[in-house]
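Novice: Residues 13 to 428 (my numbering) are what the sequence shown spells out, left to right.
Source of the hints: derived by calculation from the structure; they are not laboratory data.
Backbone N, C-alpha and C define an ideal beta-carbon position, used for all residues, glycine too.
Where hints are given, some of them may not hold.
[As the list claims (entries may be wrong)] The calculated lysine-lysine pairs, modelled on DSS-like cross-linking and capped at a C-alpha distance of 27 Å, are:
#1 Lys-182 <-> Lys-260
#2 Lys-169 <-> Lys-60
#3 Lys-287 <-> Lys-263
#4 Lys-169 <-> Lys-74
#5 Lys-289 <-> Lys-306
#6 Lys-83 <-> Lys-60
#7 Lys-83 <-> Lys-127
#8 Lys-218 <-> Lys-158
#9 Lys-263 <-> Lys-218
#10 Lys-231 <-> Lys-306
#11 Lys-172 <-> Lys-231
#12 Lys-169 <-> Lys-127
#13 Lys-287 <-> Lys-60
#14 Lys-83 <-> Lys-240
#15 Lys-260 <-> Lys-146
#16 Lys-289 <-> Lys-341
#17 Lys-289 <-> Lys-149
#18 Lys-158 <-> Lys-217
#19 Lys-158 <-> Lys-231
#20 Lys-172 <-> Lys-158
[Stated by the list, open to error] Label pairs and their in silico Cβ distance ranges:
#21 Ile-376 <-> Met-199: 52 to 58 Å
#22 Lys-127 <-> Met-277: 50 to 56 Å
#23 Glu-173 <-> Asn-85: 38 to 44 Å
#24 Pro-68 <-> Leu-275: 41 to 47 Å
#25 Leu-194 <-> Leu-417: 31 to 37 Å
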Amino acid sequence: MYKLNFLLKLTLVSLITLFTIGDVIGQIEFEKGYFIDNDGTQTECLIKNMAWDSNPTEFNYKLGIEGNVEKTNIQNVKEFCVYNQIKYTRFEVDIDRSSMDPNRLSEYRVPQWSKEILFLQAVIEGDAKLYLYKDGKMVKYFYSTKDIQPKQLVYKKYFKEDRVTTAVNKRYQNQLWTDLRLDGSTMSSVTNVSYKMTPLSNYFKKYNGQMGNGFVEHKNSIKGDGAKFNLKIQAGISNPELIMLNNKSGKSISYGSDMDFRLGMEIEMMLPFNKNKWAFYIDPSFVKYNSATKIYDYYGYPEYLEARINSIKVSFGLRYYLYINDKSKLYVSINVLYHQNFNTLLEVFYDNELDVIERSLTFIGVGVGYSYERFTIQFRRDPERSVLEASAFWREEMSDYSLTLSYRLLGGKTKE
13 MYKLNFLLKL
23 TLVSLITLFT
33 IGDVIGQIEF
43 EKGYFIDNDG
53 TQTECLIKNM
63 AWDSNPTEFN
73 YKLGIEGNVE
83 KTNIQNVKEF
93 CVYNQIKYTR
103 FEVDIDRSSM
113 DPNRLSEYRV
123 PQWSKEILFL
133 QAVIEGDAKL
143 YLYKDGKMVK
153 YFYSTKDIQP
163 KQLVYKKYFK
173 EDRVTTAVNK
183 RYQNQLWTDL
193 RLDGSTMSSV
203 TNVSYKMTPL
213 SNYFKKYNGQ
223 MGNGFVEHKN
233 SIKGDGAKFN
243 LKIQAGISNP
253 ELIMLNNKSG
263 KSISYGSDMD
273 FRLGMEIEMM
283 LPFNKNKWAF
293 YIDPSFVKYN
303 SATKIYDYYG
313 YPEYLEARIN
323 SIKVSFGLRY
333 YLYINDKSKL
343 YVSINVLYHQ
353 NFNTLLEVFY
363 DNELDVIERS
373 LTFIGVGVGY
383 SYERFTIQFR
393 RDPERSVLEA
403 SAFWREEMSD
413 YSLTLSYRLL
423 GGKTKE
């Protein structure tokens, strides 16, 4: 029990330390940038980079590291930028906010325009500019040239007259063909461009490339059109411990801990928002517990009891990253564990065995880790799990903690 309490304290201290470090690192999110006010004055400052999932209408900034946090908004600012990260420019535009929810589609094929003042996020800037506007699940793209003020690229799903069949207005393809036609291209060059970030940005890069004046690509805007995946191999040590408690006599049998080498793999899905700080993961591995203990019977004779539990363990959970720089990061995680047990033996008296359950699902484990480039080291405290079939006389305490080193085989940098 002392060991169990020690590990719980160690886990708690690790979590507190990581969140403290995270709070310090969070200060880094005030990043160098600028904003331009209504008078055209550009102010260099530190901007709180919120990795906005929806286009903002306001933001916080400081004039220096030790400066006070101030707030300004779209009424007072024409443009703001976090250097090498993200840029927003204010425009008055016509926007169609028709829902893309299949249950709330419009009956009208044509856009239902409303005039609004918005911060549009720059994606590609050159002779032709591509902008992004997001409001929750609604995603709209805009474009402009030296002769065209920012205009929405029209893509609209709608119900036909029967209110059952759906259709799509892909007018944006005609807009590309009419206003941003590539030299020597055919209509298929635009009909093959889907209404997503990557295809549209690639098209605008081609157009600006043929114009010969270059372009600026705001890479933080081009996050792709879905989650990113990492594949890792793992090796490490685990140290499970088993204690049996007799409900009738109050006595306990400690089988001790069993330091064991473990191998496994991990599939991690980085979520495409909040600067890739959140991830889901699944981590299958093989673990075994094989230990024995000596007890004395009523007459003082020694008995040797064996416990053997082999398991396929699958851990799946949620992870939060705290970025230090482009190469290194810390994280905390919570997880749920599934065990499939086989080849088991659990003796409580000589030649007297208890039945071990085939499978178990346990909540909730915690972990802390540090990643540097492709390598990650992790300490994890798994939740106590059941190993016994229902018993009127016995109950168990089986705990486990592990230290793991992993290497990323597939996937890449995830900080946007």
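Novice: Evaluate each hint against the coordinates.
Specialist: Right, here's what the structure says about each hint:
{"no.": "1", "hint": "Lys-182 <-> Lys-260", "result": "violated, 74 Å"}
{"no.": "2", "hint": "Lys-169 <-> Lys-60", "result": "violated, 36 Å"}
{"no.": "3", "hint": "Lys-287 <-> Lys-263", "result": "violated, 53 Å"}
{"no.": "4", "hint": "Lys-169 <-> Lys-74", "result": "violated, 43 Å"}
{"no.": "5", "hint": "Lys-289 <-> Lys-306", "result": "violated, 49 Å"}
{"no.": "6", "hint": "Lys-83 <-> Lys-60", "result": "holds, 10 Å"}
{"no.": "7", "hint": "Lys-83 <-> Lys-127", "result": "holds, 25 Å"}
{"no.": "8", "hint": "Lys-218 <-> Lys-158", "result": "holds, 17 Å"}
{"no.": "9", "hint": "Lys-263 <-> Lys-218", "result": "violated, 77 Å"}
{"no.": "10", "hint": "Lys-231 <-> Lys-306", "result": "violated, 64 Å"}
{"no.": "11", "hint": "Lys-172 <-> Lys-231", "result": "violated, 38 Å"}
{"no.": "12", "hint": "Lys-169 <-> Lys-127", "result": "holds, 21 Å"}
{"no.": "13", "hint": "Lys-287 <-> Lys-60", "result": "holds, 13 Å"}
{"no.": "14", "hint": "Lys-83 <-> Lys-240", "result": "violated, 33 Å"}
{"no.": "15", "hint": "Lys-260 <-> Lys-146", "result": "violated, 63 Å"}
{"no.": "16", "hint": "Lys-289 <-> Lys-341", "result": "holds, 10 Å"}
{"no.": "17", "hint": "Lys-289 <-> Lys-149", "result": "holds, 19 Å"}
{"no.": "18", "hint": "Lys-158 <-> Lys-217", "result": "holds, 16 Å"}
{"no.": "19", "hint": "Lys-158 <-> Lys-231", "result": "holds, 23 Å"}
{"no.": "20", "hint": "Lys-172 <-> Lys-158", "result": "violated, 37 Å"}
{"no.": "21", "hint": "Ile-376 <-> Met-199: 52 to 58 Å", "result": "holds, 55 Å"}
{"no.": "22", "hint": "Lys-127 <-> Met-277: 50 to 56 Å", "result": "holds, 53 Å"}
{"no.": "23", "hint": "Glu-173 <-> Asn-85: 38 to 44 Å", "result": "holds, 43 Å"}
{"no.": "24", "hint": "Pro-68 <-> Leu-275: 41 to 47 Å", "result": "holds, 46 Å"}
{"no.": "25", "hint": "Leu-194 <-> Leu-417: 31 to 37 Å", "result": "violated, 49 Å"}
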